[in-house]
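Trainee: Those protein sequences? They're chains A and B, same order as listed. Just so you know, my numbering puts 238 at position 238 of the first sequence, and the rest follows in order with no gaps. Just so you know, my numbering puts 1278 at position 278 of the second sequence, and the rest follows in order with no gaps.
For the record, the hints were derived by calculation from the structure and aren't laboratory data. Each residue gets a CB set at the ideal place from its N, CA and C atoms; glycine is no exception. Take these hints with a grain of salt, some might be off.
Unchecked claim - Facing chain A, according to a computed beta carbon distance under 7 Å, are these residues of chain B, among others:
hint	residue
1	Pro-1184
2	Arg-1204
3	Thr-1218
4	Met-1221
5	Leu-1223
6	Glu-1239
7	Arg-1240
8	Val-1255
9	Ser-1258
10	Ala-1266
Each chain, written out:
There are 2 protein chains.
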Amino acid sequence: MTGADVIDRCQALARMSESADCITRTFCCPAMHDMHRTLRAWMEPAGMRAETDSAGNLRGVYPGQQVDGPWLLIGSHVDTVPDAGAYDGVLGVVLGIAVVQALHGRRLPFGIEVVAFSEEEGVRFGVPFIGSRGLVGTLDEALLARTDAKGISVAQALRDFGVGEAAARREYLGYLEMHIEQGPVLESLDLPLGVVTAIVGQTRAEVRFRGAANHAGTTPMHLRRDAMAAAARWIALVERAARATPGAVATVGSVHTSPGAGNVIAGEVRATLDVRHADDGVREALVARLRSAAEMIAVRRGLQVEWNARLSQAAVACDAILTELLARAAEACGQRAHRLASGAGHDAMIVAAIAPVAMLFLRSPGGISHHPDEAVNAGDVEAALAAGAAFLGELERRYV
Amino acid sequence: MTGADVIDRCQALARMSESADCITRTFCCPAMHDMHRTLRAWMEPAGMRAETDSAGNLRGVYPGQQVDGPWLLIGSHVDTVPDAGAYDGVLGVVLGIAVVQALHGRRLPFGIEVVAFSEEEGVRFGVPFIGSRGLVGTLDEALLARTDAKGISVAQALRDFGVGEAAARREYLGYLEMHIEQGPVLESLDLPLGVVTAIVGQTRAEVRFRGAANHAGTTPMHLRRDAMAAAARWIALVERAARATPGAVATVGSVHTSPGAGNVIAGEVRATLDVRHADDGVREALVARLRSAAEMIAVRRGLQVEWNARLSQAAVACDAILTELLARAAEACGQRAHRLASGAGHDAMIVAAIAPVAMLFLRSPGGISHHPDEAVNAGDVEAALAAGAAFLGELERRYV
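Just chain A, with the same shape it has in the complex:
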């Protein structure tokens, strides 16, 4: 298969949608049946036996030389956000099938399982990673009982979809996820591929500055307790501090002023904060610094500040050895294997609980994702195909 063939397959799958106007494919929706039927029709000629597991994941099994040998898991998710692009998740599954197909039935010292995870985006049930949680065994009763907007539970959705048995527990030597970058880094470096070192940890908080709402005309500057002026100082500092911390990103994406009138000094401002870094210690130190800066700004101005923690998620490191092999594989195909952290979450975060993981990023034109304009270059897909095949070769040499 060529890169263009892989793109054609992704485009074919993009037509399987809940909506006539756009690409939307949530967990266990009817379009997922078409998706599975098509993926099976591609898996089987490549030598895989396809089965749906109890979490709605489609798993294509390509046995190795020994019945009790180890397995390599390759895959990604096939659900989407509403009004999505054609490549987020899906590309990794199609590439996995193509890599196996390129073996032309040749057996390796390990089996390969290509997985199409049923759910990663968290759209239907407000909780992400249902598919990979099912695979690793953390799809618990509480999550199965969770309901969607129509009151249908995860368990009921799975029954209605008609899922299979819990899959046989396999011993995985590793997990490879090939995914679009969904960001601008590789494009800015003019590189087709990147090797992911870690999936960043993340802190989210809501920060409230409380001052005093007052008349914008009659309150002199020195008698104000302006929550927006205080918040502005802090937001500028958030950016400065993140810029000064290599590898960190920090974002104030939403600001709400109250009462929010042009001629009234803001009495309260609510701002969101999102901080990410591949090193949890660096992230926590940065967050602590931003928090004390907010408090200092508030105290100096006679304001109160309230810090509401919303999320603190640890970073997940990719496996050093597997990542090194993946980088060598890419370099063997003539690519520079740029190391970068993933700023977004991926199924690999969950699978890391049961197996060493490695991730290959493909350049995202314009850095665009979660949008109909999401794209991928045929040449970059070709490079990823070659790197995937070379990665199997690297593993083969280690497992002989």
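Since the structure of chain A is already known, use the hints to place chain B on it.
Mentor: Just chain B now, with coordinates in the frame of chain A:
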């Protein structure tokens, strides 16, 4: 009358409301009939003939020594914002009546007209100063045809209320408005009274910063075009520039982030700007500086900025001689006559088109106004009463 008597009268008028729960009294509402009836009942024993003019203003006429002599206008407005306090506007009318009453029928070289303006707040028709525009003769056809939320025009509202004839045109030697400060300056200086030098001019604008919405995790700091980070720099600068400009106030009271999600870099921010100063040149220079700063910040960051002018209103100077007489009057009563600019608009702005104007501010406890907690100290009202009487004495000495 004592200060406490004046406060009692304001409290009695506060019960005349459109709402059972709070003080709300808009232009020509039924409660305005009770208001007029009560004011008449106070004007007449003080020696005034009360009449409603064609704009719904109640005017109490206290003749001077000569039939064709000049007139002093004293007053303020008797409408309110929704859920108002008891003193904004009303206090100036009650004080005007009390000052005339204190003459005990003695004739002065000029007549006095106490006016209760029908409308100043702009609540019912979205346009302020209907009362004072009526008095000065700028209540034009376009304004009379303007309709409220129920489709009733200003002209119809006046007919329904049952207004009088257009009042006789009088030659005014001046206008005195006594009003609560509605700000914290006098309280911060521990002073009961202030003398207004000017009503500030005002610029309002909406400023849009346009960058690029992007994933908060996958977009490194150096590849962002974060509209909120840019806006924050600018808002901090707005505050700094206003603090560095004596007498200026500048406010960003409302900020709107778009798309406004915690994990998405803001692609667009809309911010309001309100700049006021007693000197139009200073205000315009400050606005120009803020505008070029917004443009510089945007250019440096690869953003666009859009500047939408919303209002540019010139300052109105109080009359220098009348203001000096008012300051002397206050000082003769043992008060320090602190000079300050009014950051809010007042009927005096409109009356200034036909007469020299002077304004006396009374300290606002807590700086609170347009709120049920709006208050005034009895001792401060007493001081204002004395200053008002002394002001008549100052004028008398000049007009003999």
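Trainee: Does each hint fit the structure? Answer for all of them.
Mentor: The hints, checked one at a time:
| no. | hint | verdict |
| --- | --- | --- |
| 1 | Pro-1184 | holds, 5 Å |
| 2 | Arg-1204 | holds, 6 Å |
| 3 | Thr-1218 | holds, 3 Å |
| 4 | Met-1221 | holds, 5 Å |
| 5 | Leu-1223 | holds, 5 Å |
| 6 | Glu-1239 | holds, 4 Å |
| 7 | Arg-1240 | violated, 9 Å |
| 8 | Val-1255 | holds, 5 Å |
| 9 | Ser-1258 | violated, 9 Å |
| 10 | Ala-1266 | holds, 6 Å |
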